[in-house]
Amino acid sequence: MTTNLLADVESGTTGQEDRPASRFGWLRGFRSARTLTGVVLMVLFVLMALLGPVFVRTDPSAVSDDVLSPPSGAHLLGTTHTGQDVLAQLIDGSRISLLTGFVAAALATVLSLLIGLAAGYLGGLSDELLSLLSNIFLVIPSLPLVVILTGALPEAGSLAIIIVISLTSWAWGARVLRAQTLSLRKRDFVEAARASGESTWRIIFREILPNQTAIVAATFLSTVIGAILTQASLAFLGLTDVTQWSWGGMLYWAQNSAALNYGAWWWFVPPGLCIALVGTALSLINFGIDEFINPRLRSAHIATKNARNKPMARRLPSDEAESDDTGASSPTHGDVVLEIRNLTVEYQTGGDPIRAVDDVSLQLRRGEVLGIAGESGSGKSTLAYAITRLHQPPARITGGQLLYTHPDGSRTDLLTLSGKALTAFRWEEMSIVLQSAMNALNPLLRIGVQIDDALQAHRPAMGAGARSARVRELLELVGIDPQRSAAYPHELSGGMRQRVMIAIALTLDPDVIVMDEPTTALDVVTQRQILQRIVSLKDRLHFAVIFITHDLSMLIELSDRIAVMYAGRVVEEAPAKHFYARPLHPYSQGLLASFPTLSGAKRVLTGIAGAPPDLGALPSGCSFRPRCPRAFDRCPVVEPPLLLLAPTGGSEDVAGRRQVACLLYDGADAGRSGTGSTGIPEKVQV
Amino acid sequence: MRAFSRRALFYVLTAWAAITLNFLLPRLIPGDPVSRMLDRFRGQLGPEAVFALRALFGQTSNNIFAQYLQYWGRLLHGDLGVSFTSYPTPVATILGQGLPWTLGLIGVCTVLSFVIGTALGVVVGWRRGTWVDGFIPVTTFLTSIPYFWFALIVVYFFALQMHWFPLSGGYRPGLRPGWNGSFLTSVVEHAALPALAIVVSSIGYWLLGMRNMMVTTLAEDYVLLARAKGLSRGRIMTTYAARNALLPSLAGFALSLGFIVGGSIITEVVFNYPGIGYSLFQAVQGQDYPLMQGIFFVITMTVLAANLLADLAYVLLDPRTRVAV
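In order, the protein sequences belong to chains V and X.
Taking UniProt numbering, the leading residue of the first sequence gets 1, the next gets one more, and so forth.
Taking UniProt numbering, the leading residue of the second sequence gets 1, the next gets one more, and so forth.
Among the hints, a few may not be true.
[Stated by the list, open to error] Which bits of chain X does chain V cover? Going by a derived footprint, with three or more residues having C-beta under 8 Å, they are: (1) 8 to 14; (2) 133 to 141.
[What the hints assert, rightly or not] Sample of chain V residues facing chain X (criterion: CB under 10 Å; computed from the structure): (3) Leu132; (4) Gly151; (5) Ala152; (6) Ile225; (7) Gly226; (8) Gly238; (9) Leu273; (10) Ala281; (11) Phe425; (12) Trp427; (13) Asn442; (14) Gly621.
Keep in mind the hints are simulated off the structure, nothing from the lab.
Note that the structure is a prediction, hence the values are computed from the model and not measured.
By construction, the Cβ of each residue, glycine as well, lies at the ideal position given by its N, Cα and C atoms.
Make the full structure from the sequences, and use the hints.
Written as structure tokens, this is what we have:
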């Protein structure tokens with residue numbers, strides 16, 4: 001469960017896609033206190049209806065001389081104007097009210113299912129007609145219709161009422177179930193069943209229906225509430241058999257016997273309260289189910305306020321940060337603009353925290369492209385969000401530093417910035433390009449406005465004219481006609497939307513841009529155009545890029561240096577050309593073998609056996625060990641440290657250094673591993 | 001344009017379905033309602049009214065299609081028949097008297113509770129995961145309250161115990177309806193309690209819906225990007241989150257209108273409010289079928305019109321619907 005959640009966070013999906021395995025997982029929602037309250041309350045009411053008359057033996061219709069007496073020992077809830085016992089009526093009435101509610105809702109849900117499933121599954125004309133029918137039923141005000149229908153049947157018994165209610169309350173459920181069926185229909189397992197020639201109804205009942213239990217349950221429960229309320233309204237209007245006790249019927253008698261004028265609150269308060277409490281109980285249960293259906297609602301539980309924008313408690317003495325030697329005199333790429341030092345990010349989801357980013361240290365030089373590669377779940381996206389401090393709970397930075405060097409040479413640990421300072425810093429010095437431009441642009445705002453508001457927030461002194469000039473300039477920079485600043489995101493192509501994203505990132509001329517899979521959603525040709533645009537902009541504007549992707553071949557072309565992540569750790573870091581020529585870590589070798597290069601020699605694609613590890617239960621020693629073709633006896637025992645290898649060129653160029661976390665390159669085993677022939681560089685301890 | 005014509009077709013079809021339903025309903029009544037009716041109004045009904053009654057229940061020599069055409073013909077001339085309970089007042093006259101009251105009360109209250117509920121939902125959704133979430137159970141309780149019951153409670157406290165507001169009716173008896181200060185004050189006084197009952201018992205519905213949409217929208221990437229850009233909390237909450245969350249809420253508003261309006265109308269009964277909800281109650285009590293039909297017709301058409309307005313608002317708010325599909 002926890003890893004599922006983590007994968008959701010990583011991939012940004014809502015987690016609905018991969019769930020056929022946990023068809024009844026929604027039952028787990030009952031654990032929440034709110035849902036439990038609802039269940040307990042509902043059970044109490046059902047017990048009251050079933051067993052109440054056994055304990056309270058007073059005849060609810062028995063008249064007595066004790067009229068309109070307030071609650072007392074003899075009549076716990078007082079009496080009516082004819083001396084009838086209110087409690088006895090309440091208990092007897094619960095039977096009709098609940099029975100009507102549940103039976104009518106059951107019938108309505110069957111109708112919803114038939115119509116919703118048929119419409120969603122069959123599609124085409126049947127869908128059009130059935131959807132039209134349910135929309136018509138939805139729009140026509142149901143209560144007046146029910147009132148007229150029951151008014152037309154003067155001696156309407158309970159059964160007639162139940163049928164009338166179910167006939168007028170199926171439409172909403174049908175609509176919801178149709179939408180759900182439509183989305184399920186396209187899933188793999190349904191497609192597979194269709195391809196294997198299973199019959200339509202068999203697929204609906206064996207494949208689709210079981211996956212809708214949560215939504216069917218939610219629909220059923222809300223229909224129960226509606227049916228109980230409708231029955232009460234009808235009874236209150238005197239349209240049911242009012243000699244048969246029900247909560248609504250009690251209110252009918254109270255209203256028509258001037259209970260209000262007598263001040264007999266004990267007569268008219270309890271029945272309405274019961275209706276409202278049953279409704280509340282069912283809604284609370286539904287809330288639990290909703291949170292299962294929509295994981296975004298569930299994650300809202302995790303307190304967001306405290307974790308967000310809060311600086312880390314520990315603050316480095318500034319002199320330590322200042323005096324720190326970071327190889328500032330690198331001859332090729334200039335100074336380090338961002339240093340990630342021992343960064344650790346954990347997901348706190350109830351049990352043990354899960355480390356998505358584990359002790360990662362990386363350096364980014366001015367004007368450089370640092371590529372970060374890894375499979376999904378390797379922690380690379382979590383790293384991107386943590387660097388920009390946009391990570392959302394349950395993710396939490398539990399250790400490390402993010403040292404940013406200002407152009408004047410002073411350094412700031414971004415993790416110590418508080419809300420305001422962080423807001424001012426971010427976008428000014430460091431911005432981010434998100435994976436899907438479609439999702440990252442507000443669909444309701446013109447693209448020009450979405451660039452402009454960043455300017456407005458950071459440059460309050462800037463006039464409207466200057467801002468719009470800047471917006472035009474930015475659009476031109478990324479190759480979009482400035483005229484289109486009035487366009488809405490949906491009016492642009494996917495590639496253009498991603499260019500807009502880049503323009504937004506460039507708005508304030510930052511030193512660092514973090515790009516999280518910026519081209520994944522695009523076709524290959526557009527990908528290429530975007531990459532070329534990024535490279536040319538970088539050469540012109542001299543910003544540094546942290547480029548995150550699973551596509552290693554793209555990184556090799558684009559990056560100056562490459563870091564490979566596995567299970568939250570950096571397992572190899574090297575200059576791109578050296579990395580391509582000779583990847584050291586067996587995982588890097590596997591990754592490189594699983595992608596064709598965009599240009600260059602053909603080679604056999606092999607891929608890596610096995611699946612990314614469960615971060616909640618990492619193997620001992622090296623976490624890549626179970627998938628590693630070259631694992632040996634020490635791998636399960638020793639966790640390999642990230643070793644700094646001497647640069648192959650022999651110079652002291654920091655940009656050219658290589659690091660790898662693999663015992664094959666640990667001096668003690670270098671000889672035994674049988675890789676000596678490949679010319680392993682001399683080991684240097686950090 | 002295609003989307004537009006689809007919507008137009010939907011409205012036409014729904015109106016047609018409602019009107020046809022209205023035509024069929026009296027014909028579905030078991031037994032011989034006409035004889036029962038004539039017994040009740042012994043000698044009071046003129047021959048014309050008897051004929052109209054027979055026509056209403058389909059007891060004429062014409063076949064059902066001819067009856068259906070005649071029904072449409074009368075409807076298009078604005079002839080909704082004659083009420084039995086207040087014979088010989090035409091149904092149209094009774095509706096004309098009641099409709100302004102209902103539109104004023106239910107219309108204003110529905111819009112009011114949508115606006116207040118949605119605004120509160122924005123705030124509660126924005127502050128998700130904090131103590132504000134404690135309001136959720138309270139709100140679910142409010143949504144489950146039967147309208148008319150809450151109306152009884154309100155009457156008991158504010159009219160009978162406190163004497164703050166009048167007990168029932170639409171205005172003080174004896175006042176001449178007109179656009180003058182004392183009449184209008186009286187109307188507002190009389191509307192206050194029903195309005196309170198309706199707004200309080202329907203507000204939670206919008207609040208919860210909007211809260212859930214806000215929470216869902218706040219997880220969107222564009223909200224994250226807005227935060228990254230350093231926009232003010234107010235702008236993120238309104239322009240980025242609430243504006244997007246409002247769209248599904250508005251669509252829900254249109255679809256739930258029938259449900260909400262139906263519930264509110266019963267509230268009129270508790271207050272003897274001179275609107276069509278109270279007329280519906282009287283019509284059902286007196287088995288006044290022409291009046292029932294007329295009321296159902298008017299309510300359905302009004303809800304459809306309100307739906308159309310909500311649809312137009314949606315188009316104004318969402319640029320994506322404005323493209324020629």
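Here's how the hints hold up against the structure:
Check result for the stretch 8 to 14 of chain X against chain V: holds, 3 residues qualifying (beta carbon to beta carbon below 8 Å, three or more required). Counting residues of the stretch 133 to 141 of chain X whose beta carbon lies closer than 8 Å to any beta carbon of chain V gives 5, which meets the minimum of three for the stated coverage. For Leu132(V), the interface hint holds, the least distance from its beta-carbon to any beta-carbon of chain X being 6 Å, beneath 10 Å. Here the hint on Gly151(V) is kept, as its CB sits about 4 Å from the closest CB of chain X, short of 10 Å.
With a least beta-carbon distance of about 5 Å to chain X, the hint placing Ala152(V) at the interface is held under the 10 Å criterion. For the restraint placing Ile225(V) at the interface with chain X, the shortest Cβ-Cβ distance is roughly 6 Å, inside the 10 Å limit, so the hint holds. A cut of 10 Å between beta carbons decides the hint on Gly226(V): the least distance to chain X is about 8 Å, and the hint holds. Because the beta carbon of Gly238(V) sits about 7 Å from the nearest beta carbon in chain X, less than 10 Å, this interface hint is met.
Taken as an interface hint, Leu273(V) checks out: its beta carbon lies about 8 Å from the nearest beta carbon of chain X, inside 10 Å. At about 9 Å, the closest approach between the beta carbon of Ala281(V) and any beta carbon in chain X falls short of 10 Å, and the interface hint on this residue holds. This hint holds: Phe425(V) has a C-beta 9 Å from the nearest C-beta of chain X, less than the 10 Å allowed. Hint on Trp427(V) holds. Least Cβ distance to chain X is approximately 5 Å, under the 10 Å limit.
Against a cut-off of 10 Å between C-beta atoms, the interface hint on Asn442(V) holds, since the closest Cβ of chain X lies about 4 Å away. Taking 10 Å as the C-beta cut-off, the interface hint given for Gly621(V) is violated, the closest approach to chain X being about 37 Å.
The structure shown violates just one earlier hint, number 14.
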